[in-house]
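There are 4 protein chains.
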Amino acid sequence: MDRGKKTDVTQQPLGVAVVGAGYWGPNLVRNFQASDRFRLRHLCDLDVERARRVLGGYSTVQATADYPAVLADPEVDAVAVATPAGTHLDIALAALRAGKHVLVEKPLAATYADGMRLVTEAEERGLTLMCDHTYCYTPAVGRIREAVRSGELGEIHFVDSVRINLGLVQKDIDVLWDLAPHDLSILDFILPDTVEPVAVAAHGADPIGAGHACVAYLTLRLNTGAIAHVHVNWLSPTKVRTTMVGGAKRTLLWDDLNPLQRVAVYDRGVDLASPHEIGVDERRDMLVSYRSGDMVAPALGEKEALRSMVEEFADAVRERRAPLTDGRAGLRVLDILEAASRSLQFQGAVVGLRAGH
Amino acid sequence: MDRGKKTDVTQQPLGVAVVGAGYWGPNLVRNFQASDRFRLRHLCDLDVERARRVLGGYSTVQATADYPAVLADPEVDAVAVATPAGTHLDIALAALRAGKHVLVEKPLAATYADGMRLVTEAEERGLTLMCDHTYCYTPAVGRIREAVRSGELGEIHFVDSVRINLGLVQKDIDVLWDLAPHDLSILDFILPDTVEPVAVAAHGADPIGAGHACVAYLTLRLNTGAIAHVHVNWLSPTKVRTTMVGGAKRTLLWDDLNPLQRVAVYDRGVDLASPHEIGVDERRDMLVSYRSGDMVAPALGEKEALRSMVEEFADAVRERRAPLTDGRAGLRVLDILEAASRSLQFQGAVVGLRAGH
Amino acid sequence: MDRGKKTDVTQQPLGVAVVGAGYWGPNLVRNFQASDRFRLRHLCDLDVERARRVLGGYSTVQATADYPAVLADPEVDAVAVATPAGTHLDIALAALRAGKHVLVEKPLAATYADGMRLVTEAEERGLTLMCDHTYCYTPAVGRIREAVRSGELGEIHFVDSVRINLGLVQKDIDVLWDLAPHDLSILDFILPDTVEPVAVAAHGADPIGAGHACVAYLTLRLNTGAIAHVHVNWLSPTKVRTTMVGGAKRTLLWDDLNPLQRVAVYDRGVDLASPHEIGVDERRDMLVSYRSGDMVAPALGEKEALRSMVEEFADAVRERRAPLTDGRAGLRVLDILEAASRSLQFQGAVVGLRAGH
Amino acid sequence: MDRGKKTDVTQQPLGVAVVGAGYWGPNLVRNFQASDRFRLRHLCDLDVERARRVLGGYSTVQATADYPAVLADPEVDAVAVATPAGTHLDIALAALRAGKHVLVEKPLAATYADGMRLVTEAEERGLTLMCDHTYCYTPAVGRIREAVRSGELGEIHFVDSVRINLGLVQKDIDVLWDLAPHDLSILDFILPDTVEPVAVAAHGADPIGAGHACVAYLTLRLNTGAIAHVHVNWLSPTKVRTTMVGGAKRTLLWDDLNPLQRVAVYDRGVDLASPHEIGVDERRDMLVSYRSGDMVAPALGEKEALRSMVEEFADAVRERRAPLTDGRAGLRVLDILEAASRSLQFQGAVVGLRAGH
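Residue numbers (the UniProt record's numbering), protein chains in the order written: chain B, 1 to 357; chain Z, 1 to 357; chain R, 1 to 357; chain C, 1 to 357.
Just so you know, these hints were derived from the structure itself, not from any lab.
Hints should not be assumed to be uniformly reliable.
Repeated chains share a single entry, so a pair holds when one copy, or any two copies, can fit it.
[Claimed, not checked] Straight-line alpha carbon distances no greater than 25 Å define the calculated DSS-like cross-link-like pairs of lysine-lysine that follow: (1) 303 - 239; (2) 171 - 249; (3) 171 - 239; (4) 239 - 249.
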């Protein structure tokens, strides 16, 4: 009986394998091990020595380079993919075809078309496909989503995101594909369902001759007339990670590098009086008033984002529902990234986005 | 004899009149009074009561609404114009035609064409025309100019400027014309003579219905391939005023709101190895190395920028030379502002700049 | 008729003279000139040239070295004393004896005994004696006083004040007498009437051989068992000006160098469960709980403290009432300073304070 | 052959057991596992379930409650003690008597006398006794030690340390014993060999009725006349961790919560002219000059302190030398803590320290 089976699943941890022992894989390994909803069975990497080093000398988890064997293991219910984006399609597709639920590191795939194949495959098989948009699971972003979607901030006027640092200059991807997925997945996560980007323009520079942009600015037009802007930069010697969300009622500032005050909600701003409140003759004067209110920095929990993310993965699998950051969220991010690349190619031309993912 | 006359001039303070008792005029009044190179004779405003209030109840300076009388006063050697930009042409032109040296608040004029008329008039008459680009006279910007032009930073890779605040929403001009002149005049001031912007793209939004952009992003392409970017915003509840100047050797960060550490020079960055240093087969690996060096925050003087600015005006008049921020500097800023407005109008289209001002 | 006279006084500005054209005098000159409640008549200094320089070349105010003539001027209703502390007694006493109201720069006098003579003289003559405890008139300190005295913070548990900077090493007074009057006058101002310091201990060091302490730490015991602590330091290359007021309900942090967020009220802290809530056997466990609440940074006005201070002086004179920072407030500060000096002399011994000023 | 044996030891990892699976033990477990100089064999805790939870479900390390069995294991060369201070004596003494090298969490023991027994026992047996003064192994403190001991800062004038936070109110120990060991061990570590504290005064308050001080101020007199001061506080809703080291030539500021600029060296300060440079008559004027120089924030490594600490433990054992933070360093800290407790008991009385540990 299905229901009995489902109950079983709920009570037993999900068997999981991590593929990729590079930069991100070890974080997944650590968090799957720390969660009682999972039983980590394999860490798979083409370089099995690297997998062994990640597991360390005291682990009972199996290191392996044999991915088909991992997929053949009936105790593996799910696969987490933390390999370079160019390999996501093959690895994730194989897992889905073996009947495994799949968690994929951002970006979902190397292209929108590839991402769409994964989404379709998962939907056809009734399997969970989740994109590891880690930031969406931080207490800060959860609070921002709530502030935006509850109306606490009022209608969104602008979003300004800065993510700059002396970053690892990547060989295969430019700074937009490396860093902007964070900002774009957060934007996708916090906006109300009725608000969405419709067009993109991007400007970049490659002053060090890396072969692609190391500094980039991305402007998004939303369907409401609001503007969103992202500044990503690998060459900044100081680290800045801020996002400002300006609303009609309040404005929120997230400073991820200020652990003592990550989120601040300002009850200050500019109001425009409604035209009907004033006579025709007064129209020529500026109908503006300024609020100078308090700032509130809400208390936020301390829970590690990756812990919440893997728990959401487990819950989505067990409850047979779409996870908060599902494959379609990953697709929407890919759509913007591809449009941004086209804009970069055409010197900042405005590029429209696909509708209705 | 001219020379004798000049000596005289050097020994006696310059007679000066300030026109405009609004937002900026009082600052000029205070600084002309504090400098022994000037003798302030008139404060002129259409609203003479406002001029009186600015002078206060203890002043011997004359408040007046009679501009022709001011121009007719032979003891007035120079006129400082601090009125709305739309009136600069008429007021400054009248002063030049009366043989007075002229200092004009930024922007130089309402249009490039107006500005050009002022520059031409002053040049034909051999009079000093100076633009009050105040920030250029701060110790911080002086230090930045030195760092850029001496080669201390190496070739300039990017400039990123943020000037956001809960600002006064203007009736007549958008946020670009209100705030970006600061950033553009600074950029013009610090760049080496051989480096200049060649094209501009601007994106803006008017989420409060003010009738023009309240949030704007400006991207400039320099003739070297470098990129400069300016973010100006009237709707931000927090104040940010930073400029980062990224160079091949070092990167400089100016934070104007951090009095304890306004300028920081980072000896950290990303280097690209020269192609000839490596073999063909290794090309595919990233030829990048990272420097992780010290940061130096240089000691800066405390001199008030406006004080230095009025002294430069006096010196330029006496030495019959172009001031550091002359009319042509003001013209170059107007050229960018007009191009930015056109770009805004065409949804971010790239607009080329005039050459050889 | 008294009442008629009072009405007259209310309508006309008070004639005032400033004595002392050194460091602080010019600030008083500026603020008396800017207030329509005063008419500044004289700036008096033994060095009349210095007084002239302070007034500048455009002023109608009279510079003078002739203090008796100032006191003889019937249009002078009040005298503001901004001379070194050692001269306060003579200058202020002469003014009081000439029937003038008196405002004195902090500290009130060089000794408690001198201060008491001034207080007594003023009280006997029914004249206003006010101490210029400027910080008490900042919007921040006003808000702190309100938070403490309204019970918003709960019972006060501790006060911690840091005022360090590369300061002017004084010839005649140590760092405690130079800087601590600020912190002590603020403490005096914000505490509820029933709470007061009862004893003092001070530790200092003179590492540069200045002849008196350049670094000092002051501990005050309050009658409630709470503790207050002040760190003053002339040798710190960075500037810190913070005061933390810890209460049973909330804790307030004032950072005077953070204009974007001067005051923050934290609704977080440690609570101790009441003993009667728990059984005897559980006593050995810690009865502590932690609150992790929001932080609120209240909107504060921007009014200049000195402006509010001179207005309070005018109001107190006109309303024939004690000003907020009257002579007795100055006396209480002197009492602590003298006790602190005695403690320094005896290597940190605890010294009791006088009761009932 | 001894030498052969030693070579063997160098090549093989040291067998180690951790005792205590509470707050700190898991950090030691993680770092011993990550270092190839150690082989972690046991995690011992009276509550064996707690030890199992710390190890997690994937570990090959043995959890045990049987300490005698751990000591009997010949493969255990060293024991790391991370239990409450009151148990350090018994646990560490048993380990030393079993011939094991010992690492002890701070403070070394509950009393100076207990600590001395451990030091004596270890010295008599030729075993390594090390105190886990973790902060001393941070790159920042290493840099401070270098700056102080190399003379870069000049003679030390003052040290000011602040360590405040909403901390866990402890049941058995006051805030001084909980937090000040960090500051005192750092002070002990950075001072030149010829400079040492000679006396202590402490002030504290227990405003929440915890049974011992929750806020405390500690003043130390050094043999050079310099002063050191430590502020520790469990009740502060904001976290501050700064140490300023003021020297005759330069002043260093360590802000442990500013990852972008942990250490800053200021070349600014106050100088006193030598008396012989000036004539007798000029003595009365202040012989002070001010330097206004640059600030340098040195690049620091990123190595985890605990990793460096366990490596120093391994090196000290293998090289048969005293570790950087040996038992005697722990003793010196205990001496100050006991003196501080006596001072607290006597209301801030100055208490002398033992000489020549």
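A quick look at each hint next to the structure:
no. : hint      : result
1   : 303 - 239 : both (23 Å within a copy, 19 Å between copies)
2   : 171 - 249 : between (43 Å within a copy, 22 Å between copies)
3   : 171 - 239 : within (21 Å within a copy, 37 Å between copies)
4   : 239 - 249 : between (30 Å within a copy, 18 Å between copies)
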